[in-house]
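Engineer: Here is what each chain is made of, one letter per residue.
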Amino acid sequence: QKEVEQNSGPLSVPEGAIASLNCTYSDRGSQSFFWYRQYSGKSPELIMFIYSNGDKEDGRFTAQLNKASQYVSLLIRDSQPSDSATYLCAVSYGSGNTGKLIFGQGTTLQVKP
Amino acid sequence: DAGITQSPRHKVTETGTPVTLRCHQTENHRYMYWYRQDPGHGLRLIHYSYGVKDTDKGEVSDGYSVSRSKTEDFLLTLESATSSQTSVYFCAIGRQGGTEAFFGQGTRLTVV
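Chains A and B are the protein sequences, given in the same order. Remember, the working numbering sits 870 above the position in the first sequence when you count from 1. Remember, the working numbering sits 1 above the position in the second sequence when you count from 1.
Simulated from the structure, these hints should not be mistaken for laboratory data. Note that the Cβ used here is the ideal one computed from N, Cα and C, for glycine as well. Incorrect hints may have been included.
[What the hints assert, rightly or not] Computed list of chain B residues with no C-beta within reach of chain A, every gap over 12 Å:
(1) 12
(2) 15
(3) 18
(4) 19
(5) 78
(6) 79
[What the hints assert, rightly or not] Derived contacts from chain B toward chain A, CB cut-off under 7 Å, selection only:
(7) 32
(8) 43
(9) 44
(10) 46
(11) 91
(12) 104
(13) 106
[To be verified] Using 25 Å as the maximum straight-line C-alpha spacing, the simulated DMTMM-like pairs for lysine to aspartate or glutamate come out as follows:
(14) A:912 with B:73
(15) A:926 with B:101
(16) B:12 with A:915
(17) B:58 with A:897
(18) B:58 with A:873
(19) A:912 with B:74
(20) B:58 with A:915
(21) A:912 with B:101
(22) A:872 with B:101
(23) A:912 with B:39
(24) A:912 with A:873
(25) A:872 with B:39
(26) A:912 with B:60
(27) B:54 with B:28
(28) A:937 with B:60
(29) A:937 with A:927
(30) A:937 with B:101
(31) A:912 with B:28
(32) A:872 with B:63
(33) A:872 with B:57
(34) B:58 with A:875
Same shape as in the complex, but just chain B:
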């Protein structure tokens, strides 16, 4: 959907390297989220943001950091990638004042 884009869509990286995933929105929403989806675990919240420079941890934040310097961009960084971080990562924006999460296309990350 044009309202939210994630980049890259696919990435293979080596264990121990830093990785940054980008989420870009064109709808000026206050709330943005990063989730990961794994078989057997469903979707789990990593971090979320409620405004520029305002972020907080979700359920599975260890090993991840985020930054939001502009309303439209929410970055997820894996400081030192591990194989357990191989997953599909979804960014979401909170439409309707944050009450309805709308998801981007996802980024498939493989750590080898």
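If we strip away everything but chain A, and leave its shape as in the complex, we get:
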């Protein structure tokens, strides 16, 4: 049974702080890792993807991947109230490049002004 685990939260941080979101996965064969942001009542929006061990930065977002530990994280620097949302970790599975994803249940982030 392939699984992706996230702490459901809520994670509460003050405005301007760094928010750290974590995710673990069970399938060692997974090759691609994604972070989606979902506002209440809206569809998931892709904000970061990472394929190789290490860090990947895009603006205020940094994704970190450690395949040996089967761990992926998302750091949000200078958190803003508009970052308040649920963040979904997703991991690819299956052979070939089919784009099939297993999602975690999501971590709710609250950024307080």
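Chain A is fixed; fit chain B onto it per the hints.
Structural biologist: The following block gives chain B in isolation, referenced to the frame of chain A:
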């Protein structure tokens, strides 16, 4: 987003009736997906398609069928709706050769 649209956006139906949800894309992507989202379960893959008439099952395919007769349309059918199929259904297209899933607005389905 204009690249992918789902219809209807909301539907209430009775137990035992058939229901079809439609996903339409304008971007000519090969891969398309149907997910359902439920509290406590997150997003789960129902079926996916890797081309016209090419489909396969996901994690939670029981009670669902799909069809893809044209690149742009991917239909999800509940043959006989049950209350356990009350959910929010998201269609997605696979951009970048299928590696990046881009989601439609969702369809909220209630089975009473």
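Engineer: Which numbered conditions among the earlier hints are violated in the structure presented, ordered from lowest to highest?
Structural biologist: none
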